[in-house]
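J.: Chains as they are written, first to last, in this note's numbering: chain V, 1 to 336; chain L, 337 to 672.
In short, the hints are calculated from the structure, not lab data.
A hint or two may mislead.
Claimed, not checked - EDC-like cross-link-like pairs, simulated, lysine to aspartate or glutamate; straight-line CA separation at most 20 Å:
hint	chain 1	residue 1	chain 2	residue 2
1	L	Lys-445	V	Asp-37
2	V	Lys-52	V	Glu-28
3	V	Lys-321	V	Glu-10
4	V	Lys-246	V	Asp-37
5	L	Lys-582	V	Asp-37
6	V	Lys-109	L	Asp-431
7	V	Lys-246	L	Asp-373
8	V	Lys-52	V	Asp-223
9	V	Lys-109	V	Asp-95
10	V	Lys-246	V	Glu-209
11	V	Lys-246	V	Asp-201
12	V	Lys-246	V	Asp-95
To be verified - To spell it out: a stretch of chain L is covered by chain V in this simulated footprint if at least three of its residues, at any positions, have a beta carbon under 8 Å from a beta carbon of chain V; those stretches are:
hint	region
13	371–384
14	458–469
15	512–521
16	601–614
Note that beta-carbon positions come from the ideal geometry of N, C-alpha and C, so glycine has one too.
Below are the chains, spelled out letter by letter.
Protein chains: 2
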Amino acid sequence: MADQVRNSVEVLAARLADAGSRIRPILEELLPRGRQDFLSDAVWHHLDTGGKLIRPAICVLTCERLGGRAENALYFAAAVELMHNMLLIHDDVEDGDTIRRDRETVWVKYGPANAINVGDYLLGVAYRAILRSPVGENVTVRLVRAFTEAFETTCRGQALDLNCRAREDLTVGDYLEMVTLKTGRYLALGMVGGGIIAGLDPIALSPIEALGESMGAAFQIRDDMIDLTAGKGRGGVTGNDIREGKPSILYAHAVSAAGPAERRDLVRIMRKPRQETTDADVAWVRGLYDRLGSLEFARAEADRLVERAFETIERIPVEDKGFFRRLTRYMVSRTK
Amino acid sequence: MADQVRNSVEVLAARLADAGSRIRPILEELLPRGRQDFLSDAVWHHLDTGGKLIRPAICVLTCERLGGRAENALYFAAAVELMHNMLLIHDDVEDGDTIRRDRETVWVKYGPANAINVGDYLLGVAYRAILRSPVGENVTVRLVRAFTEAFETTCRGQALDLNCRAREDLTVGDYLEMVTLKTGRYLALGMVGGGIIAGLDPIALSPIEALGESMGAAFQIRDDMIDLTAGKGRGGVTGNDIREGKPSILYAHAVSAAGPAERRDLVRIMRKPRQETTDADVAWVRGLYDRLGSLEFARAEADRLVERAFETIERIPVEDKGFFRRLTRYMVSRTK
Numbered sequence: 001m002a003d004q005v006r007n008s009v010e011v012l013a014a015r016l017a018d019a020g021s022r023i024r025p026i027l028e029e030l031l032p033r034g035r036q037d038f039l040s041d042a043v044w045h046h047l048d049t050g051g052k053l054i055r056p057a058i059c060v061l062t063c064e065r066l067g068g069r070a071e072n073a074l075y076f077a078a079a080v081e082l083m084h085n086m087l088l089i090h091d092d093v094e095d096g097d098t099i100r101r102d103r104e105t106v107w108v109k110y111g112p113a114n115a116i117n118v119g120d121y122l123l124g125v126a127y128r129a130i131l132r133s134p135v136g137e138n139v140t141v142r143l144v145r146a147f148t149e150a151f152e153t154t155c156r157g158q159a160l161d162l163n164c165r166a167r168e169d170l171t172v173g174d175y176l177e178m179v180t181l182k183t184g185r186y187l188a189l190g191m192v193g194g195g196i197i198a199g200l201d202p203i204a205l206s207p208i209e210a211l212g213e214s215m216g217a218a219f220q221i222r223d224d225m226i227d228l229t230a231g232k233g234r235g236g237v238t239g240n241d242i243r244e245g246k247p248s249i250l251y252a253h254a255v256s257a258a259g260p261a262e263r264r265d266l267v268r269i270m271r272k273p274r275q276e277t278t279d280a281d282v283a284w285v286r287g288l289y290d291r292l293g294s295l296e297f298a299r300a301e302a303d304r305l306v307e308r309a310f311e312t313i314e315r316i317p318v319e320d321k322g323f324f325r326r327l328t329r330y331m332v333s334r335t336k
Numbered sequence: 337m338a339d340q341v342r343n344s345v346e347v348l349a350a351r352l353a354d355a356g357s358r359i360r361p362i363l364e365e366l367l368p369r370g371r372q373d374f375l376s377d378a379v380w381h382h383l384d385t386g387g388k389l390i391r392p393a394i395c396v397l398t399c400e401r402l403g404g405r406a407e408n409a410l411y412f413a414a415a416v417e418l419m420h421n422m423l424l425i426h427d428d429v430e431d432g433d434t435i436r437r438d439r440e441t442v443w444v445k446y447g448p449a450n451a452i453n454v455g456d457y458l459l460g461v462a463y464r465a466i467l468r469s470p471v472g473e474n475v476t477v478r479l480v481r482a483f484t485e486a487f488e489t490t491c492r493g494q495a496l497d498l499n500c501r502a503r504e505d506l507t508v509g510d511y512l513e514m515v516t517l518k519t520g521r522y523l524a525l526g527m528v529g530g531g532i533i534a535g536l537d538p539i540a541l542s543p544i545e546a547l548g549e550s551m552g553a554a555f556q557i558r559d560d561m562i563d564l565t566a567g568k569g570r571g572g573v574t575g576n577d578i579r580e581g582k583p584s585i586l587y588a589h590a591v592s593a594a595g596p597a598e599r600r601d602l603v604r605i606m607r608k609p610r611q612e613t614t615d616a617d618v619a620w621v622r623g624l625y626d627r628l629g630s631l632e633f634a635r636a637e638a639d640r641l642v643e644r645a646f647e648t649i650e651r652i653p654v655e656d657k658g659f660f661r662r663l664t665r666y667m668v669s670r671t672k
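Just need the whole structure built from these sequences, with the hints factored in.
T.: So this is what it looks like as structure tokens:
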């Protein structure tokens, strides 16, 4: 990136952090700490792990950029953050993940039953937050609809994710469908909600939704690459997706590109229960990804999606498109 | 019951069955069968276990009785049924229950991860159903609010349930608080939604909400008694609540009424993991309940709640209160 671009992305990052900090008090209001209700402790155990409040921040800034008032978007933004966190809590139970952001996951600390129930509860709180938005009833209904569609779509993507693990015939197309459902729609949600609150009509919203989908897919590809190269805040362990047999873009590429013998070995390793997958297995898969150029392929796919995002931005009915370009660069910068 | 009352309750049962049958096509429309999405099969595996669609039927009939059109209530009624079923699917994972309505539970057949995700998905579909209601935006917002409040309250009740198992100091008061949260609010929801659609204002709705809470608590007490006497559609096995250490009214009464030695033994048995609880343990607890008169106590509590329900009905702003009386009798008749 040129220096000027890098600077403007850094300015955006600071503004996102600032917007994110406006969400914390809303979460504290919606979920008072220290209640003796067998929910509060688990909720805050999870929320206090941090998280950069990036999704709600995007919602607030998008609303402003499209001519709305940031104040009106805060509750919906909080709802997006709550959905994100209830999905993480449930995901961790579903995947058996024990560490999240270098801390015990909710199900490890409070048991799977409480983790499931706490996640359910947070979704209820998210809807409660939407209903507190200081907007008219017609806008509230549109927000509830957008939120519900994104949630449903995410669950459909999660169903593909859960049931495509170590599939021999997984294609990159299947992968992209899955991540668009699972990651794209709910990353788009903050922007879409911000647009609704700013008063955009459904036609004007459609490129924003499409932008979120490209951005979400690129973001997920980045996440897959990070898992292999740096680890995802699980004590720095890399290769978790291999241990869990997750359908990452690297797997989707390699299983399509490998010859029959290597494909058979790859699938065999991916199908092993996590605790039986050895470090040597992970190293072998990593070597295969290297030989097949899966990381380069992933990087190229991410670039292609960013290109598409930039094209989509041209269709957003706003004069200053720089915000959306910087946002796209920011969200995928770690893939570069 | 006098013959005439019995007859009118039977007429009501037939009308409820009829109203319930109008919900099935809505569920089929919301959730098309046979989709290759790793959701549809699990959803219908569960929904096809039957269930009497009693909650949505109550919604539809209440709407009619309060002067609304049944047609307008069908989607909200379906949403209530979907919430009920997503809670059952999650409950079965949380409790480790393997059989529901004499069939394998979703998590046994499709794995816990899919069961959690399918439950989440159904909640999304429930909100989608609410949004399809042919009512104005102001009514839609009220329906979303009522639904969300009931869902959140149910999760709060479930949190108490999960964390009060085999508690030594559980009182009947704790139990009633728990079931009012866990069962009352969402049993009330169908009636409340029916009332909203019929155009009742919040003040007029308040006795309907209170009625649902009394009725829900009485219904849950009935359920606790049935678990001990007839079994709850789990292959006719009785005493499941004892095996699972669940805080039933029988346990709440006995643990308060027993002397120190018997209390210690009772708590010890309730705390055993299910598979270690022997038939002799269950028989001993049953004997203790007999000696302490816990079943009689439960029956008297249910009667008291029915009395309270009847008093509440007097405050519902409708001329013909007979429907609500018959409904109350119908819901708790199996405790008699």
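J.: Run every hint past the structure and note whether it holds.
T.: Each hint, compared with the structure:
Between L/Lys-445 and V/Asp-37 the alpha-carbon distance is near 32 Å, which puts this suggested pair outside the 20 Å criterion. In summary, the hint linking V/Lys-52 to V/Glu-28 is supported, as the alpha carbons are separated by about 16 Å, within the 20 Å threshold. The suggested pairing of V/Lys-321 with V/Glu-10 holds, with an alpha-carbon distance near 17 Å, which does not exceed 20 Å. The suggested pairing of V/Lys-246 with V/Asp-37 is violated, with an alpha-carbon distance near 35 Å, which exceeds 20 Å.
In summary, the hint linking L/Lys-582 to V/Asp-37 is supported, as the alpha carbons are separated by about 18 Å, within the 20 Å threshold. This hinted pair checks out: V/Lys-109 and L/Asp-431 have alpha carbons roughly 17 Å apart, not beyond 20 Å. Simply put, V/Lys-246 and L/Asp-373 have alpha-carbon atoms about 18 Å apart, close enough for the 20 Å limit, and the pair holds. Under the criterion of a C-alpha separation no larger than 20 Å, the hint pairing V/Lys-52 with V/Asp-223 is consistent with the structure, at around 15 Å.
Note on V/Lys-109 and V/Asp-95: the hinted pairing holds, with a Cα-Cα distance of about 15 Å set against a maximum of 20 Å. Restraint check for V/Lys-246 and V/Glu-209: not satisfied, since their Cα atoms lie roughly 26 Å apart, outside the 20 Å limit. Restraint check for V/Lys-246 and V/Asp-201: not satisfied, since their Cα atoms lie roughly 38 Å apart, outside the 20 Å limit. This hinted pair checks out: V/Lys-246 and V/Asp-95 have alpha carbons roughly 10 Å apart, not beyond 20 Å.
Here the region 371–384 of chain L counts 3 residues with a CB under 8 Å from a CB of chain V, which clears the bar of 3, and the coverage holds. Coverage of a stretch by a chain is defined here by at least three residues with a beta carbon nearer than 8 Å to that chain's beta carbons; for the region 458–469 of chain L and chain V the count is 6, and the condition holds. Three residues within the 8 Å Cβ limit are the bar, and the region 512–521 of chain L against chain V gives 0, so the coverage statement is violated. Judged by the Cβ-Cβ criterion of 8 Å, the region 601–614 of chain L is not covered by chain V as claimed, because only 0 of its residues qualify and three are needed.
In terms of the numbered hints stated before, the structure departs from hints 1, 4, 10, 11, 15, 16, listed from lowest to highest.
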